[in-house]
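Protein chains: 2
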Amino acid sequence: MNFEQLRALLAVVDEGTFEAAADELGVSPSAVSQRIKALETSVGNVVVRRAVPCVPTQAGSVLLRMARQVALLEAETMEALGTGGPGQAILPLAVNADSLATWFLPVLDDAAAWGDTVVRLRVEDEAHTSDLLRSGDVVGAVTAAPQRVAGCSTEKLGAIRYQPVAAPRLCELHSSAVAGKRVVDWARMPVLRYGPKDDLQNRFLREHGIEVLPPSHHIPSSEAYLAAARAGLGWGLVPEVQMEGMVADGSLEILGPRDHRDVPLYWQVWKLGSPRIERLTASVRGAAEAIIALG
Amino acid sequence: MNFEQLRALLAVVDEGTFEAAADELGVSPSAVSQRIKALETSVGNVVVRRAVPCVPTQAGSVLLRMARQVALLEAETMEALGTGGPGQAILPLAVNADSLATWFLPVLDDAAAWGDTVVRLRVEDEAHTSDLLRSGDVVGAVTAAPQRVAGCSTEKLGAIRYQPVAAPRLCELHSSAVAGKRVVDWARMPVLRYGPKDDLQNRFLREHGIEVLPPSHHIPSSEAYLAAARAGLGWGLVPEVQMEGMVADGSLEILGPRDHRDVPLYWQVWKLGSPRIERLTASVRGAAEAIIALG
Numbered sequence: 001m002n003f004e005q006l007r008a009l010l011a012v013v014d015e016g017t018f019e020a021a022a023d024e025l026g027v028s029p030s031a032v033s034q035r036i037k038a039l040e041t042s043v044g045n046v047v048v049r050r051a052v053p054c055v056p057t058q059a060g061s062v063l064l065r066m067a068r069q070v071a072l073l074e075a076e077t078m079e080a081l082g083t084g085g086p087g088q089a090i091l092p093l094a095v096n097a098d099s100l101a102t103w104f105l106p107v108l109d110d111a112a113a114w115g116d117t118v119v120r121l122r123v124e125d126e127a128h129t130s131d132l133l134r135s136g137d138v139v140g141a142v143t144a145a146p147q148r149v150a151g152c153s154t155e156k157l158g159a160i161r162y163q164p165v166a167a168p169r170l171c172e173l174h175s176s177a178v179a180g181k182r183v184v185d186w187a188r189m190p191v192l193r194y195g196p197k198d199d200l201q202n203r204f205l206r207e208h209g210i211e212v213l214p215p216s217h218h219i220p221s222s223e224a225y226l227a228a229a230r231a232g233l234g235w236g237l238v239p240e241v242q243m244e245g246m247v248a249d250g251s252l253e254i255l256g257p258r259d260h261r262d263v264p265l266y267w268q269v270w271k272l273g274s275p276r277i278e279r280l281t282a283s284v285r286g287a288a289e290a291i292i293a294l295g
Numbered sequence: 001m002n003f004e005q006l007r008a009l010l011a012v013v014d015e016g017t018f019e020a021a022a023d024e025l026g027v028s029p030s031a032v033s034q035r036i037k038a039l040e041t042s043v044g045n046v047v048v049r050r051a052v053p054c055v056p057t058q059a060g061s062v063l064l065r066m067a068r069q070v071a072l073l074e075a076e077t078m079e080a081l082g083t084g085g086p087g088q089a090i091l092p093l094a095v096n097a098d099s100l101a102t103w104f105l106p107v108l109d110d111a112a113a114w115g116d117t118v119v120r121l122r123v124e125d126e127a128h129t130s131d132l133l134r135s136g137d138v139v140g141a142v143t144a145a146p147q148r149v150a151g152c153s154t155e156k157l158g159a160i161r162y163q164p165v166a167a168p169r170l171c172e173l174h175s176s177a178v179a180g181k182r183v184v185d186w187a188r189m190p191v192l193r194y195g196p197k198d199d200l201q202n203r204f205l206r207e208h209g210i211e212v213l214p215p216s217h218h219i220p221s222s223e224a225y226l227a228a229a230r231a232g233l234g235w236g237l238v239p240e241v242q243m244e245g246m247v248a249d250g251s252l253e254i255l256g257p258r259d260h261r262d263v264p265l266y267w268q269v270w271k272l273g274s275p276r277i278e279r280l281t282a283s284v285r286g287a288a289e290a291i292i293a294l295g
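One line per chain: the protein sequences are A and B, in this order.
Per our numbering: the first sequence = residues 1 to 295.
Per our numbering: the second sequence = residues 1 to 295.
None of these hints come from the bench; they were simulated from the model.
Here are the simulated distance ranges between beta carbons:
(1) B:Pro53 x A:Lys181: 34 to 44 Å
(2) B:Ser30 x A:Gly26: 52 to 62 Å
(3) B:Asn2 x A:Arg188: 23 to 33 Å
(4) B:Gly180 x A:Ser42: 50 to 60 Å
(5) B:Ala51 x A:Ala59: 20 to 30 Å
Some residues of chain A that are not near chain B, with every Cβ distance over 10 Å (derived):
(6) Ala71
(7) Val184
(8) Asp185
(9) Val263
As the structure is a prediction and not an experimental result, all values here were calculated from the model.
C-beta atoms are modelled at their ideal positions from N, C-alpha and C, and glycine is treated no differently.
All chains should be modelled from the sequences, with the hints used to inform the complete structure.
As structure tokens, then:
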């Protein structure tokens, strides 16, 4: 096993094909292929399933994680030795879409000043980001689960507060005044979901005693989801931090003032004593001050 | 084969699990399971691979497409007969992220007024949306390929014009003045990619004679990609329609005034004589007037 082989594995998994990996490494596809085969011979296992995209096998996942750690340690050791070296280290990170659309953005501002780090984001549901950490796909992740992934540290970041909101026109269509109070017809008002994995609204509806769910639109983009809510396509649970001013200006109405849902978020990252990871963690922690504190 | 079985297949594939499908249909998971088994017996083939998420087999894909067409025809026939019926018909659509972030949004405004249609968007690279049409996952798609999918009509929508842009600070760092003209150091200036499938920037760089690609950050969200460009994390190809005012206010600089890239987009949709599909097509066509016309 050598560094070149591990770098080839990283590139194949990250880029998805041997050709794209060759581009990334500035070598020929057959050189990539030879390195992968040599790696497989040395560990006695197939490491990558040749598909589109290429997927690491179980043995490949174990190597992948090591490969990322070695790449980072190599870059930082070279720097400490003053030998220059590759200079750029790759930090693959997983973040949920609502975070990337809101409080996480200042991390990109910070990263712009680093110069020595390449940021590769993966967007996943916060319930699934820790899987990417476990499989060695990313070095750090914003997750919904406090359960520590082996070899990682975990800390509370805060919570995104989701408010149930709808455009006033839609509200009016699906609610009635009962004894001076507005009662929302949750069983009929159409609902916005991010996609099939998004269970936040359905759980909300079940907690309101709704058994047969109303029609649900799927809008798999944080910004488009908000736009759809404002357009009156359906009601949705929208991050409070994303809708500033929109209640005040009358484009959105909060459907129940005590009906918000707080989704706690954690930061999980490899323990590696790497200055880049420490700097990244400080940046994520600073950005998370924009969301609400967790008790 | 009956309607109930086809509806069960649709729900299992769209929701991903038998449990979520049961929720969607308002029946028990075992009822869903029985319907799928009965469907498999009647066609003599396994239709769904039981995984997380559930994936249709090849036979399942053929049925899936029919199931969506039948569901739509059923809803519209019931309406024509004045018997009310399900009322809501589901329109699964595929759209690329940059379209959803820009010109496609007014389609959601239109959809908010329809009332009889549930919109389920899938976000995919425009080179891959036609696969979703072919596999029966969606009824309509914004695609990069003019090749007609069997059973679908296709029309030109226009093109998204991408401008190579960067924050002025980054520009300055990676360009030099040669004989009064700015020369960008494409080999070194870090680049923003949407993700590993995004080849737009790499092709651009190769056309500028760059063999070894510069460090590339991955930012898989249209809005965050734009934010990263403005933050100076890297240069990127940004839809002209998305950056209005940002060149004028000095937050972004166009790197080469004649270096834009036009990505043509097509609308492909099932031929089904369905009023909902015709209305949708008119809405998409209207929204596409915001992008540049194709010759």
